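Chain order of the listed sequences is A and B.
Per the working numbering, the first sequence starts with residue 1, numbered consecutively.
Per the working numbering, the second sequence starts with residue 1, numbered consecutively.
Derived by calculation from the structure, the hints in this document are not laboratory data.
Every value quoted in this text rests on a predicted model; they were computed, and no experiment measured them.
Each residue gets a CB set at the ideal place from its N, CA and C atoms; glycine is no exception.
Possibly wrong hints are sitting among the right ones.
[Claimed, not checked] Below 25 Å or equal to it, Euclidean Cα-Cα: the simulated SDA-like pairs (lysine to any residue) are:
(1) Lys47(A) / Thr169(A)
(2) Lys195(B) / Ala86(A)
(3) Lys195(A) / Ala175(B)
(4) Lys189(A) / Leu227(B)
(5) Lys195(B) / Lys47(A)
(6) Lys189(A) / Val118(B)
[What the hints assert, rightly or not] Covered stretches of chain A, going by a simulated chain B footprint (3 or more residues, C-beta under 8 Å):
(7) 160 to 169
(8) 179 to 185
(9) 191 to 198
Read off the chains here:
There are 2 protein chains.
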Amino acid sequence: MNSITYQEAAAFLREHDRYLILTHKRPDGDTVGCAAGLCAGLRALGKQAHVCPGTGATHLFAPYLEGYLAPEGYVPDTVVSVDIAARGLFTQEGETWLERGVDLAIDHHPSQEFFAGVTCLDAGRGACGELIYDILAQLGPVTAAMAVPLYVAVSTDTGCFQYSNTTATTHRIAAALMETGIDTFALNKRHFRTKSWARLQVERLLVERMHRYEDGKIAVAPISLSLMDEAGATEEDMEDIAAFLGQIEGVETSITIREKAEGGCKLSVRTSGGLNATRVCALLGGGGHAAAAGCSVQGSLAQAEEAILAAVRQVEAAHG
Amino acid sequence: MNSITYQEAAAFLREHDRYLILTHKRPDGDTVGCAAGLCAGLRALGKQAHVCPGTGATHLFAPYLEGYLAPEGYVPDTVVSVDIAARGLFTQEGETWLERGVDLAIDHHPSQEFFAGVTCLDAGRGACGELIYDILAQLGPVTAAMAVPLYVAVSTDTGCFQYSNTTATTHRIAAALMETGIDTFALNKRHFRTKSWARLQVERLLVERMHRYEDGKIAVAPISLSLMDEAGATEEDMEDIAAFLGQIEGVETSITIREKAEGGCKLSVRTSGGLNATRVCALLGGGGHAAAAGCSVQGSLAQAEEAILAAVRQVEAAHG
Numbered sequence: 001m002n003s004i005t006y007q008e009a010a011a012f013l014r015e016h017d018r019y020l021i022l023t024h025k026r027p028d029g030d031t032v033g034c035a036a037g038l039c040a041g042l043r044a045l046g047k048q049a050h051v052c053p054g055t056g057a058t059h060l061f062a063p064y065l066e067g068y069l070a071p072e073g074y075v076p077d078t079v080v081s082v083d084i085a086a087r088g089l090f091t092q093e094g095e096t097w098l099e100r101g102v103d104l105a106i107d108h109h110p111s112q113e114f115f116a117g118v119t120c121l122d123a124g125r126g127a128c129g130e131l132i133y134d135i136l137a138q139l140g141p142v143t144a145a146m147a148v149p150l151y152v153a154v155s156t157d158t159g160c161f162q163y164s165n166t167t168a169t170t171h172r173i174a175a176a177l178m179e180t181g182i183d184t185f186a187l188n189k190r191h192f193r194t195k196s197w198a199r200l201q202v203e204r205l206l207v208e209r210m211h212r213y214e215d216g217k218i219a220v221a222p223i224s225l226s227l228m229d230e231a232g233a234t235e236e237d238m239e240d241i242a243a244f245l246g247q248i249e250g251v252e253t254s255i256t257i258r259e260k261a262e263g264g265c266k267l268s269v270r271t272s273g274g275l276n277a278t279r280v281c282a283l284l285g286g287g288g289h290a291a292a293a294g295c296s297v298q299g300s301l302a303q304a305e306e307a308i309l310a311a312v313r314q315v316e317a318a319h320g
Numbered sequence: 001m002n003s004i005t006y007q008e009a010a011a012f013l014r015e016h017d018r019y020l021i022l023t024h025k026r027p028d029g030d031t032v033g034c035a036a037g038l039c040a041g042l043r044a045l046g047k048q049a050h051v052c053p054g055t056g057a058t059h060l061f062a063p064y065l066e067g068y069l070a071p072e073g074y075v076p077d078t079v080v081s082v083d084i085a086a087r088g089l090f091t092q093e094g095e096t097w098l099e100r101g102v103d104l105a106i107d108h109h110p111s112q113e114f115f116a117g118v119t120c121l122d123a124g125r126g127a128c129g130e131l132i133y134d135i136l137a138q139l140g141p142v143t144a145a146m147a148v149p150l151y152v153a154v155s156t157d158t159g160c161f162q163y164s165n166t167t168a169t170t171h172r173i174a175a176a177l178m179e180t181g182i183d184t185f186a187l188n189k190r191h192f193r194t195k196s197w198a199r200l201q202v203e204r205l206l207v208e209r210m211h212r213y214e215d216g217k218i219a220v221a222p223i224s225l226s227l228m229d230e231a232g233a234t235e236e237d238m239e240d241i242a243a244f245l246g247q248i249e250g251v252e253t254s255i256t257i258r259e260k261a262e263g264g265c266k267l268s269v270r271t272s273g274g275l276n277a278t279r280v281c282a283l284l285g286g287g288g289h290a291a292a293a294g295c296s297v298q299g300s301l302a303q304a305e306e307a308i309l310a311a312v313r314q315v316e317a318a319h320g
């Protein structure tokens, strides 16, 4: 694990050329924003730089990669991964380059596997985009072309400065990005103040059909395939749906149960009141973090609900 | 209009004593947060300071004023208003002090009426709380007791850094406030990630019953008294409900129509697609800003909807 500082990462980027930048699979705003921002920054240095195609970015994030995707047959000298913590998180196209060898990994996940030649890791950053900003700022003036995707990276990974990973540094970097003259209002509207019609229908149906227990401290939303149909919803409309329940006043444990097309159910448990979500999900063979965990249950939505409620009660009884 | 800088305002506060701080009526997070933060800051200087009672703060903001409200019979030497733009915006209790004379007004509204002996106005600030922060920072270390209400002021007035009034300075001040060690995650959860059950019911019913026109570019939500009953909603649950429609993908003009208990309807028009909301509402005797305006219409919800749609079309026809 050859760790380097962000100043050393800047020196590395200045010394090399012909870059290919890799994003993680099921890409979010952070990995896409880091890739686009870094690519713009390298080009401003006069380097050749492209982002590896096949990112799988949704319509929400794909536009930030326009003009940056590598043309067919592009052969890089230097491969850089951004926001990729583990070997298992490379895209299909990226896996080829993982085999060839990643030269530099830039990341903020404590679970970083150190798969690269050198790794610039800062697990104290809310978003990997913060680290990319600090690296680019070492290399020259950060322009609006870099600042737009970096703002997307930083703001989306911190829930627009609302999540607990937000730090004073996050805000300071947001300030610096704003000073390049970018229209953060439009970016915020796009990423935080826009809901698809189908998403609104999903939320309406959840409110109509969710179950509440223990004076509303537990909220359970069974999400059947037919509910998805009724709402006209696709996977893109379901992002972070577990958080929708968690925002209800008085709810401490929110549980979404998704019916799977291939049978069985996938459950997501979020807690804010002290109950350990991992302990609950472990009883059903799952895992995760103390405040957010998941598991799968064979059987119907009703059976899954019964199983998870029993698990919640067992953990409550054991740990008070 | 005796304008002073924030450095001069700091000097003013150091020189005087026995403060009474006034908030504006229908108080929001900014005026309450400014009052609590300033009161804490003045007390840290060894001054006597209280906030004028009768603020009318809702359960969301009232807790920040705990321990700061003036006891009965308190006679101040120095009266300071925070975030109050105009004479008409004083609370009932505050009006007495307006008559006696306000010594210092601290504000960020361009519509400031300069009713005070001296006025510290910076209309470039997203929140008045930013200005209070800069003043307090001149007077000594900003503590967590000051930072909590100031963070509430700054974050709520800028829609948690999402509105167009957010600047680089807003973020820099948020960073400084975070560095006092306050739990902004809990504050963000309270103010931006919590919805009452009744509010969720209102939103569910709006999605179910709203009308969409012009391929979804116009969304109209009639809100009857019976809908409010059905949702179990009070006025507190209706805050910023117009924004709920405005977030729907593709919606450029969102219109909420509230049925009034005393008869007639109150309309709110929000636009993001270039249509001038003030022109629309002016046709029905109302007014406001280009992107947000309001008016009242006599008659039923259906009549009000017909009238406002006709007004929208008339403005569209005249201005393209």
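Status of the hints after comparison with the structure:
Restraint check for Lys47(A) and Thr169(A): the C-alpha separation of about 29 Å exceeds 25 Å, so the hint is violated. A distance of roughly 36 Å separates the Cα atoms of Lys195(B) and Ala86(A); the hinted pair therefore is violated under the 25 Å criterion. Among the hinted pairs, Lys195(A) with Ala175(B) is inconsistent with the structure: their alpha-carbon atoms are about 29 Å apart, more than 25 Å. For the hint linking Lys189(A) to Leu227(B), the alpha-carbon distance of about 28 Å lies beyond 25 Å, and the restraint is violated.
Taken as a hint, the Lys195(B) and Lys47(A) pair is broken in the structure, with Cα atoms around 49 Å apart against an allowance of 25 Å. Restraint check for Lys189(A) and Val118(B): not satisfied, since their Cα atoms lie roughly 38 Å apart, outside the 25 Å limit. With 9 residues having a Cβ less than 8 Å from any Cβ of chain B, the stretch 160 to 169 of chain A passes the three-residue criterion, so the hint holds. Judged by the Cβ-Cβ criterion of 8 Å, the stretch 179 to 185 of chain A is covered by chain B as claimed, because 3 of its residues qualify and three suffice.
Beta-carbon proximity to chain B at under 8 Å applies to 6 residues in the stretch 191 to 198 of chain A; the threshold of 3 is reached and the given coverage holds.
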